[in-house]
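Using the sequences and the accompanying hints, generate a full structural model.
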Amino acid sequence: MKVVVLLKRVPDTEAKILINQEGSGIREDGIKFIINPYDEYAIEEGLRLREKLGGDTKVTVACMGPAEATEAIRTALAMGADDAVHISDPGLAGAGPFTAAAVLAKAIGGEGFDIIFCGKQAIDDDQAQVQCILAEMLDIPQVNAASSFEIAGDGASAAVGRRIEGGEEKWETSLPALISCDKGLNEPRYASLPGIMKAKKKEIRTKTLADLGFSEVPNKGRSRIVKWLPLPKSGECRMVEAGETADAVRELVRLLREEAKVI
Amino acid sequence: MTVQGIVLLVLFVAVLAAFGVIVRMLIRSLRLGRPEDRFDRWGSRIWSVIVFVAAQARVLAQWAGLGHFIIFWGFIFITLGTFEHILSMIVPGFGWERLFGTAVAGAISWLQDVLGLLVLGAIVVSLFRRFVLKPLRLRIDDPKAKQEAVLILGLIFVLIVLMFGVKGTAIITGEVDARTAPVSAVAARILAGVGDPHLLGSVLAWIHHLIIFFFLIYIPFSKHIHILGAIPNIFFRNLGPMGTLSRMDFEDETAEKFGASDMRDFTWKQLLDLYACTECGRCQAACPAFLTDKPLSPFRLIHMMRGHFVADRKKLLADAAAVATPIVPASVSEEEIWACTTCGACMQECPPFIEHVNKIVDLRRYLVMTQSRFPSEMQPVFRNMEINYNPWSMGYSTRADWAEGLDVPLASEKKEFDVLYWVGCAGSFDARGQGVARAMVALLKRAGVDFAILGVEEMCCGETARRMGNEYLAQTLIEANIEVLKKYRFNRILTTCPHGLNTFRVEYPRFGYETPAVHHSEFLLELVRGGRLKPAGGSVSGRAAYHDSCYLGRYNGIIAQPRELIAAAGAGEPVEFGRHGRHSFCCGAGGGRMWMEETIGTRINEARVDEALGLGVGTIFTACPFCMTMFEDGLKAKGREEQVTVKDIAEML
Amino acid sequence: MTGDILVVTEIRNGQLKKAAVELVEGARTIAAGTGGAIDALLIGKGAQGEGAKLARHGLRRIAVVDDELTTNYSSEGYAKVVADLVAEGQYGHVLICATAMGRDLAARAVAKADGVMFSDCIELRYEDGACVAKRPVYAGKLYIEIVPSGDRPVFITVRPNNIPPAAETGDSAEIAARPSGLDRSMIRAMVKEIAALAGGRPDVTEADVIVSGGRAMKDAANFKLLEELADLLGGAVGASRAAVDAGFAPQPLQVGQTGKVVNPKLYIAAGISGAIQHLAGMRTSKVIVAINKDPNAPIFEKAHYGIVGDLFEIVPILTEEIKKIM
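Residue numbers (this note's numbering), protein chains in the order written: chain A, 8 to 270; chain B, 5 to 657; chain C, 487 to 812.
These are calculated hints, taken from the structure and not from any lab test.
Remember, predicted model here, so these are calculated numbers, not experimental data.
Possibly wrong hints are sitting among the right ones.
[To be verified] Distance condition first, Cα-Cα at most 35 Å in a straight line; then the derived DSBU-like pairs of lysine-lysine:
(1) LYS627(C) / LYS39(A)
(2) LYS268(A) / LYS503(C)
(3) LYS640(B) / LYS538(B)
(4) LYS227(A) / LYS772(C)
(5) LYS177(A) / LYS113(A)
(6) LYS491(B) / LYS205(A)
(7) LYS65(A) / LYS598(C)
(8) LYS205(A) / LYS319(B)
(9) LYS261(B) / LYS59(A)
(10) LYS214(A) / LYS566(C)
(11) LYS751(C) / LYS39(A)
(12) LYS261(B) / LYS209(A)
[What the hints assert, rightly or not] Which residues of chain B face chain C? A partial, calculated answer using Cβ under 7 Å:
(13) TRP396
(14) SER397
(15) ASP434
(16) GLU601
[Unchecked claim] Computed far set for chain C versus chain B, every beta-carbon distance over 10 Å:
(17) GLN501
(18) LYS504
(19) LYS598
(20) ASP637
(21) ARG670
(22) PRO802
Even glycine gets a Cβ: it sits at the ideal position worked out from N, Cα and C.
Here it is as C-alpha cells:
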C-alpha cells in the first residue's frame with residue numbers, strides 16, 4: 008500500500024511572531040521552523056499503518072515548501088518515513104490553497120497513492136482548506152480532523168472518528184481517501200538516533216513547477232492580504248477592581264463579553 | 005614428607021590451580037567490556053588503596069564498619085597463619101618458629117588468638133544486627149543474598165573455632181606454649197581427654213583446610229567475589245570529579261546502537277564494579293528513591309546486574325559471536341532506571357567505590373536514543389530543548405525578557421568583560437527563578453562587577469538532556485553553546501545553578517571548553533570577603549536552615565561557602581539537616597525527574613520537607629533553582645508555605 | 487457572479503444552530519455594499535421545520551434540503567448541494583459558520599465551486615467594492631485583513647460569537663424545499679453515527695472554555711463551583727497539578743507541563759498561582775482570566791484579566807452574572 012503524508016514547514020508559534028517593517032508579512036529572523044504539529048499526527052498514523060499492514064507498504068512524505076524545508080522532511084524521515092517528494096520553486100512563495108492543492112495533486116497523483124494523511128490545519132495560516140481542495144482535485148473523499156482511525160480488514164474502507172461540538176462523529180469512508188489528523192489521534196514518536204542517521208540517506212525527490220508540468224503557477228492570485236494587524240496590546244494584565252467584589256465581577260463579565268468576546 | 009603431606013600438597017596445588025583458572029576467567033570476563041583508561045595517576049591510585057583498603061576509611065565512616073575492619077584484618081592475619089600451617093603439614097618442621105625464632109612465633113600465636121576472638125565477637129554482632137536489628141540497608145528481596153551472608157559468616161566462625169581447636173590440641177601435645185595462646189588454652193582444657201590429641205588435631209586441621217579450599221573455589225561464585233574485586237576496584241576508582249559522564253562519539257553514521265543494553269556495552273571498569281559489591285546496602289540506605297518506596301535500589305541494581313553478568317558470561321566467553329541477553333527487562337526494569345535522581349548518594353557511601361550512576365545513565369542512553377522508549381512526559385521536554393533551547397516550550401527569543409528594564413549588559417554588546425553571568429533556563433523563564441536572577445543582577449551591580457549575560461544567545465546547558473540519556477541532544481546543545489561562548493572574552497562563567505556549574509566545570513572541558521566556572525555562593529563570598537559587597541542584612545526572621553544541593557555539595561565540594569555567606573549576611577549559623585554536607589538528602593528533581601510525574605511511593609521532596617519541618621526553622625536557604633522549586637512545592641503540598649519561606653542565598657544579601 | 491449572498495446554516499440534532507443569525511448579520515454587511523439579496527440554505531435532517539426560524543430576518547429565499555441522502559452529513563454530498571446552488575444562483579459570497587461541520591463543508595464546496603475561501607473570520611466589512619475579512623493567523627498571534635481578487639464565488643467561514651446576531655426585520659422570506667440532487671455513488675465518506683460525549687462535558691484538550699482550579703479549592707467537593715461555571719459556558723473543568731496531587735480533582739483534568747496542554751478561547755484560573763509548570767500547559771489560551779487571593783501570584787503576569795480576591799466569593803458571582811446575560 009502506498010501511504011502519502013503531507014507535511015508543511017511552519018514557524019514555531021512559541022516564537023514571538025512580529026509583523027515586518029513593511030507591514031507585508033512576518034519577520035522571519037529569530038523564528039524557528041518546525042513540522043506543522045498536526046502533520047506529526049499524520050506522519051505517526053502513516054507509520055502505524057505501515058507497521059500494521061507490513062508487506063511492501065511504504066510511507067512517502069510530500070511537502071511543498073522552500074529549500075529549507077528539507078530539515079523538516081528529514082525529521083519525518085527520521086521518524087521512519089521511507090522517502091519524500093519535495094516540491095520547491097521560487098514561484099510558489101506565498102501560494103494560496105488552490106495553488107498548493109493543484110501542485111500537490113500533480114505530484115501525488117503522478118506518484119500514485121492509496122491513502123493520504125495530513126494535519127487538520129497548518130498553524131501558520133490556519134485555513135484548513137488545502138486538504139479538501141486536494142481531495143476534490145484527486146476525486147477522493149476526505150474526512151477531516153480525525154481523532155481515531157481504523158482501516159478495515161480488506162483495506163477498501165476505514166472507520167474514522169472525529170470530534171464535533173458536544174460529541175464525536177463516526178464516519179465510514181471508502182479508500183482511497185484523504186484523512187486529516189487532529190490532536191489525540193496518536194502520540195507521535197520521538198525519532199531515535201539510528202533513525203536520524205538513516206534519514207540522511209533516504210531519498211528526497213525534488214521537483215520544480217516545470218518538473219511537474221506547470222508552465223506557470225496554477226490558480227494564482229485568488230486573494231490578497233491588505234493588512235497585517237498585531238493583537239491589541241496584551242502585555243499588561245487588566246486588573247479588574249471595584250469597591251464591591253460583585254461590581255468587579257460584573258465589570259469582568261462585561262469585558263469578557265464585549266472586549267474579549269469570549270462569552 | 006608423609007602421605008598426609010603429599011595428599012595435602014596435591015589438593016592444595018589443585019585448588020590453587022583451579023583458583024587461578026577462575027581468576028583468569030574473571031579477568032577474561034572483564035575483557036568482554038569496552039576499553040576505558042583507568043591506568044593513569046598510579047601514585048594517587050596506590051594511595052587510594054592505602055587509605056581505603058588498608059585503613060578502610062570509607063568502611064569506618066559508619067561506626068558499624070568497625071566490625072568489618074576487625075574481620076578484614078583479622079582474617080588476613082589468620083589466613084597467613086593457615087598457609088603456614090598447611091605448609092607445615094606438607095613440610096614437617098616448617099613454621100614461624102623455624103623462620104623467625106620462638107619469640108616472634110609466640111607473638112604471632114598470641115595475636116592470632118586475640119584477633120580470632122575479636123573476629124568471633126564481630127561475627128556474633130554482625131549476625132545480631134542482620135537478623136535482630138534488621139537495618140534498612142540490608143533489605144533485599146532475594147533470599148539467596150541472605151543465605152550467602154549467613155554461609156560466609158558461619159563458615160568464618162567455624163574456621164576460627166577450628167583454629168582454636170587445632171591450637172588447643174597443639175597445646176595438649178606441648179607443641180604450642182599455652183602462654184602464647186590464651187584462648188586456645190581454653191580450647192585445650194575443653195578438648196583434654198577427647199581421644200588422641202594428635203589425631204584430633206589432624207582431623208580438625210584437615211576440616212579447617214578443606215573448608216579453606218572450598219572457600220577459594222566458592223568465593224568467586226558468590227557475593228564474596230567482593231574479596232577479589234574490591235581492591236582492584238578501589239585502585240581503578242574514578243579519580244576525577246564525581247559528576248562526569250562518558251562522552252559519546254556520534255561520528256559513525258552506521259552505528260545502530262547507542263548506550264548500553266547488555267553487558268558487552270559496559271566498559272571493563274563498569275563490569276569490575278559488579279565484582280566489587282559485597283551487598284552492604286549502604287547505598288540503598290542513602291538512596292532517595294529507595295527511601296520513598298520507588299522500585300529503584302542501587303543495592304538491588306548492582307545485585308541483579310551481577311547476577312545477569314554471571315549468567316551471561318558463560319555464553320559470551322564460549323562464543324565471541326553469541327548474542328548477549330538484554331539487561332532490560334530481564335534483570336532491571338525501566339521503572340528502576342527512570343526513578344534515579346542521579347544524586348550520587350550511593351556513590352558517596354560505597355566503600356569499594358562502585359559507580360552506580362553511570363550505569364543507569366548508559367542504560368537510559370540506550371532506551372532514549374536507540375529505542376525511543378522513555379516516560380512520555382519527557383518527549384515534550386526533548387522537543388522543547390531542540391526547538392527552543394529550554395525544557396518549557398517558552399519561545400527562545402523571549403529568553404532575556406526577565407531583564408527588561410534592568411539595564412543588564414549583553415555579551416554581544418560588551419564583547420570583553422570579566423564575568424559571564426549564565427542565567428540558565430530557570431533564571432530566564434521560571435517566575436521564581438527570575439526573581440533570583442534579578443536579585444543576582446542587583447548584587448553584581450552593587451559590587452561593581454564587570455559582567456554580561458548572553459541573553460537570547462544562551463541555550464540550555466544540556467545537563468538535563470545528558471542525565472536523561474539523550475546524549476545526542478545534549479551534545480548538540482553543548483557544541484552550540486561553546487560556539488557562542490567562544491565569541492566573547494571573559495575570565496569566568498558565573499552560575500546560580502549547581503547543575504549548570506557541574507556541567508561547565510566538569511563536562512564542558514571534555515568538549516574542549518576550559519573557561520573556569522564558579523557558583524554564585526563561591527562568587528558572592530569572594531565579593532563579601534573582598535569588601536566589594538556589603539550584606540544588606542536583616543531579612544531573615546527566626547532560625548534558618550541550609551539545604552546542600554547534591555550537585556553543589558556532594559558533586560563539587562562546595563559546602564562551607566554557602567554557610568559562610570549565610571553567616572556573613574547576618575542570619576547566623578544555619579541549622580543543619582540531619583543529612584547534610586556530602587551526605588545531604590536529594591530534593592528529588594535531578595536526573596530529569598523535575599519534568600516527570602512521581603507516581604510511585606511517596607514524594608522525595610516531601611520527605612525532605614518533613615525533615616526540614618522537623619528542624620523548626622522559619623527559613624530554608626537553597627542555592628539551586630531545582631531545590632527551590634521542590635521545597636516550595638513540598639511546603640505547599642503540606643500546607644506550610646505560610647510558616648516557612650524558601651530563599652536563595654542571593655536573595656538575602 | 488452576482489451581488490447576492492448565500493448563507494448556509496447548520497442543522498444539528500434537527501435544530502438550526504443559533505449562530506445562523508450571526509451569519510445573516512454578516513451577510514447584511516456585505517449586501518449593503520453589493521446591493522444584492524440574501525438567501526439561505528438549510529441542509530440536513532429536520533431542516534424542513536427549521537426554515538421558519540430565519541423567515542423574519544429580511545432574507546429573500548430560504549432553500550431547504552432534507553431528503554434521504556442528506557439525513558447524515560457527508561462532505562461530498564452537502565458540498566455538492568451547496569456548489570450546485572451557488573452555480574445556479576451565481577452567488578458572489580457564501581457564508582458558513584466555522585463549526586466542525588462548517589469548516590469541512592465550506593472547504594469541499596469551494597473546491598467544487600472553484601472559488602476562494604477565507605476561514606475562521608471574526609469580522610467582515612465591505613470596502614472599495616470588495617468584502618474585507620479579518621481573520622487570525624499564526625495560532626491567533628496576529629490578524630490579517632484579506633480581500634478576494636477576480637470574479638469567483640467567495641466562501642467565508644465565520645467564527646461563532648464574533649458577529650452580533652441579526653435582528654428580525656419582520657419581512658417574510660420565501661421558503662422552498664429543494665431536492666438534494668444527489669445519488670448514492672456521489673457519497674464515498676459519510677457519518678454513520680454520532681456519539682454524545684460521556685458526561686456531557688468536553689475533554690479538556692478540545693474545550694473552547696476551561697474553568698480550572700488550584701490547591702486553593704481546598705476540597706474536591708468545592709470543584710462543584712467550577713463545574714457549574716464550566717457547564718454554563720459549555721466548557722471543561724481543569725485542575726493544576728497541586729489540586730490533582732491533593733486529590734481534589736482526577737488526573738485526566740490536570741493541565742500543565744506533565745498534564746495536558748490546552749488551547750481554549752477562554753481559560754479561567756481560580757486559585758492557581760501560575761508556576762511555570764502550569765503555564766506551560768495553558769499559556770496559549772486566547773483569553774486568560776486569573777482569580778487569586780495573592781496579588782503577586784505569577785499568573786497575573788500571563789493573564790489578560792485578573793481579579794484579586796477570594797475565589798469562593800468571586801466564582802459564584804461570576805456564574806450568576808454570566809447566567810444573566812446568556
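Unmet hints by their number, sorted upward, for this structure: Structure breaks no hint.
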